[in-house]
Amino acid sequence: MSMGTELGNLLDWVEGIRRRVRELAKEWEDQEGNLIMILHAIQNEFGYIPRGVASELSKELGISMARIYEVITFYHYFRLTPPGRHTIQVCMGTACYLKGAMDLQNELERQLKATGGRDGEFHLESVRCIGCCGMAPAVVVDGETHGRLCPNDMAGILKEKRGK
Amino acid sequence: METKRLTTSDLDAIWAEAPAPAKMWIRVGMDTGGIAAGARQVYDALIDARDDLGLKIDIRKTGSLGLSYADPVVVVGGVDRPTVVFGAMDAESARDLIVRHCRDGYLLEDRVIATHERGRDLGGQPQVAMLVKDTSPRKNQDRTAFFQDLIREELGVHHQQAKVRVYRAKDMGLYQKGVCVQLLPSRVTYTNVSGPDIRRMIEETLQGGQVLTDLLETAGDPQQRIVLRNCGLIDPDELQSYLQAGGYRGLKRALTEMTPEQVIEEMKVSGLRGRGGAGFPTWLKWKLTRDPVADRKIVICNGDEGDPGAFMDRSVLEGDPHAVLEGLMISAYAIGAETGFFYIRAEYPLAVERIQRAIDQCRAAGLLGRNILGSDFSFDAQVRLGAGAFVCGEETALIASIEGRRGSPEPRPPYPSVKGLWGKPTSINNVETLAAVSVILDEGGEWYAGFGTEKSRGTKVFAVTGKVQNPQLVEVPMGIPIRTVIEDVCGGADHGARIKAVQTGGPSGGVIPLDKLDTPVTYESLQALGSIMGSGGMLVMDESDSMVDVAKFYLGFCVEESCGKCAPCRIGGFQMLKLLEKIHAGNGDPDDLGTIRDICHCMKTASLCGLGQTAPNPVLSTLQYFEEEYLDLVDKRRATSANQKREAITQWERV
Ligand SMILES: Cc1cc2nc3c(=O)[nH]c(=O)nc-3n(C[C@H](O)[C@H](O)[C@H](O)COP(=O)(O)O)c2cc1C
Ligand code: SF4
Ligand code: FES
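Protein chains in written order, with the working numbering: chain C, 1 to 164; chain Z, 1001 to 1655.
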């Protein structure tokens, strides 16, 4: 592939993003208090909020980058870095905490370190109550919930996903 | 059908004619909890099996009945058949359910749940099934299967085995009452059944038609489902389903028969107080928002549910979204607002989806929009998402968040009722509050005031979790003892352990020790104990849980969630957490406790918003009731003896 087409692809890609940001902003144009909803739409689409997209949005809405970043960094839900290929969410709600969620988290950290750390394949995070306290402690792997777990179950969960 | 604009006479017709019940129907609890436990697979398997066999069964999804411990839950009913609840289902048992239960009339072993509904007489009908369960706390000596065999043998002796079938129940809703037996279809329930009673049950009850009064369980169900009236029963994705359950009758009554002032008066009579935590009288909030003169007013439903480990509001939003929307519309009418918002956590995608669908359906049916039901009232509602900040549950922070800013609280006054969203008078109500509003307008304020106590009217929903036998959603009239909720409804501590304390109110609340569990649940009595009613989380802790650790957990949460605007909360919380961590690690000294108390006092009095003001509560209340645990940690000599004591208890538990 020559340099020319690669650059061309890149420019197309940037233009694509611009168009998309414009569309998203347009969708919310007449609605009051739209910034957070647009950020949600961006994160839904890209998995996180890339700097370039935030900058496009800043131009589109006429809001300074500082204000956009103030909002993004205040809310835990918004991510500034791309998520790993697999997301593991350990529930740290009260019910799960009481039933040993810390042990699950420690075991997962241990396992991930042992095999080279968070290499972009797994993204480990803790969340608050995922709504299945009846099955505490619970872990969500790529949107699928596993309940009534003990630390020994963690190796199996990672193994099932690794390399997929 | 749904794209047609509904008129009041359309509604009257829907409410008047009860739909012909399906000969057989199945409802699958598809809330977040149910789906996580596999309800989708169960639903698909039910449909497949039904179609394979070519049976006519109306299978639908619904919200949660509240029985979290038994997810996924399936309810089966129909004409001339008792409604039966099945729990802990999976795809395989779903197939069994269609074949063995729906087609052949058998129940499924270890899946049937006897709900709290119980009969007193046989209703003159032959009994066809018996559910058995040993409810003694020790799990390793379960006599359920043994009694099942005994009863079957005795039925054989009496040549009844073909007429009455005996099943092991998954749960009886009864605890520590020995072996329990429930007869179907009458739901007559016997407790503490012993070997010799079996013959009497067969000869006197099954053959003689007499109820054995010495064994009969007469205690009624302490629960009262008002807010949860439709959850787990109707299809939350169908406007029609809500209408057939009497939905939007409250709205119609308000719009066609009452002035806004009368609606507010009705709320005053009902005595409803806000269920989001503070317990502010709902009628007064509406009046204070109605009074100011403004070109525009706004109503907001607070669906931010911040307590990490509570799921009352989520269950209502997912199980009965129209009830909340109807409540919001009524509040808008009372206040004179034309715009409404649902502020819902982004972590609740299913709740967001169902509320959005409810809004779309109402727009199409003319229940939202201009001149609703031919009245002068125009109103529309929209959804706004939270983004993972606990402090955004606080009113002024919530408003900032909807306006697209970071969610920092503002000093009050001015209160939102005067100067709220975009500076306009705004009324913010909790999800559960609004779900109660819709039924209050339908049934009347006086009816609602008939539940609960003088100062705390009505019912309250609690999410009971932690070290409890059957974690679940419970709705009870205010004023009943906490113990009833924990022990009679949820079965007390898990594995026969001993309860140490119950935490209410989440990060803003406190612990209630075992010897105070007979306290009635009301706003005032919980506050007097150093806790709060809060939004409805109830966390059960047993002897193995460290109170210092629990305090550390909640404080850690508040420190992480502090917006950092004011110093007492930002600095005080952080310093106190450091001290707690030090103590918990065994490096504390006795002076630290004094420092902690000082910081608590400072945070309570000087913080700007409720988060900082209430963050010390978990620490203060554990210090109040379990100071010895802190002292054990700061004083090594005490610690050794405490450890020995704990070991002795564990040893004893093992024997
Ligand atoms: C830090 C903080 C968090 C709160 N979180 C919630 C919440 O998640 N849900 C809620 O309904 N109210 C919450 N509240 C209370 C609300 O500010 C407000 O009082 C309530 O929504 C009013 O509705 P109600 O009168 O119907 O209870 C919170 C308050 C504070 C100080
Ligand atoms: S008390 Fe805490 S959360 Fe509230 S305004 Fe102050 S710093 Fe922010
Ligand atoms: S606390 Fe983990 S699911 Fe609720």
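Because the hints were derived from the structure by calculation, they are not lab data.
For every residue, glycine included, the Cβ atom is placed at its ideal position computed from N, Cα and C.
A hint or two may mislead.
[As the list claims (entries may be wrong)] Residues of chain C placed beyond 10 Å of chain Z at every Cβ, according to the derived structure:
{"hint": "1", "residue": "P83"}
{"hint": "2", "residue": "K99"}
{"hint": "3", "residue": "R110"}
{"hint": "4", "residue": "R128"}
{"hint": "5", "residue": "C132"}
[Unchecked claim] Partner residues are not named here, just some residues of chain C that face chain Z (Cβ under 8 Å, in silico):
{"hint": "6", "residue": "W28"}
{"hint": "7", "residue": "G33"}
{"hint": "8", "residue": "I36"}
{"hint": "9", "residue": "M37"}
{"hint": "10", "residue": "F46"}
{"hint": "11", "residue": "Y69"}
{"hint": "12", "residue": "E70"}
{"hint": "13", "residue": "Y75"}
{"hint": "14", "residue": "L80"}
{"hint": "15", "residue": "P82"}
{"hint": "16", "residue": "G93"}
{"hint": "17", "residue": "Y97"}
{"hint": "18", "residue": "V127"}
{"hint": "19", "residue": "A136"}
{"hint": "20", "residue": "D142"}
{"hint": "21", "residue": "T145"}
To see whether the hints hold, each was checked on the structure:
1. P83: Holds, since 15 Å exceeds 10 Å.
2. K99: violated (8 Å)
3. R110: holds (20 Å)
4. R128: Given that some Cβ of chain Z is not farther than 10 Å from that of R128 (chain C), nearest at about 4 Å, it is violated.
5. C132: violated (4 Å)
6. W28: Violated, about 10 Å.
7. G33: Nearest chain Z Cβ about 5 Å off; hint holds.
8. I36: Since chain Z brings a Cβ to about 6 Å from I36 (chain C), closer than 8 Å, the hint holds.
9. M37: This interface hint holds because 6 Å falls under the 8 Å limit.
10. F46: violated (16 Å)
11. Y69: For Y69 (chain C), the interface hint is violated, since the closest Cβ of chain Z sits about 10 Å away, which is over 8 Å.
12. E70: This hint holds: E70 (chain C) lies near chain Z, its Cβ roughly 6 Å from the closest one there, short of 8 Å.
13. Y75: Check passed: Cβ of Y75 (chain C) comes within 3 Å of chain Z, closer than 8 Å.
14. L80: Where the cut-off is 8 Å and the nearest Cβ of chain Z is about 13 Å from L80 (chain C), the hint is violated.
15. P82: violated (18 Å)
16. G93: Holds, because the Cβ-Cβ distance from G93 (chain C) to chain Z comes to roughly 4 Å (cut-off 8 Å).
17. Y97: holds (6 Å)
18. V127: holds (7 Å)
19. A136: holds (7 Å)
20. D142: violated (13 Å)
21. T145: Holds, because the Cβ-Cβ distance from T145 (chain C) to chain Z comes to roughly 3 Å (cut-off 8 Å).
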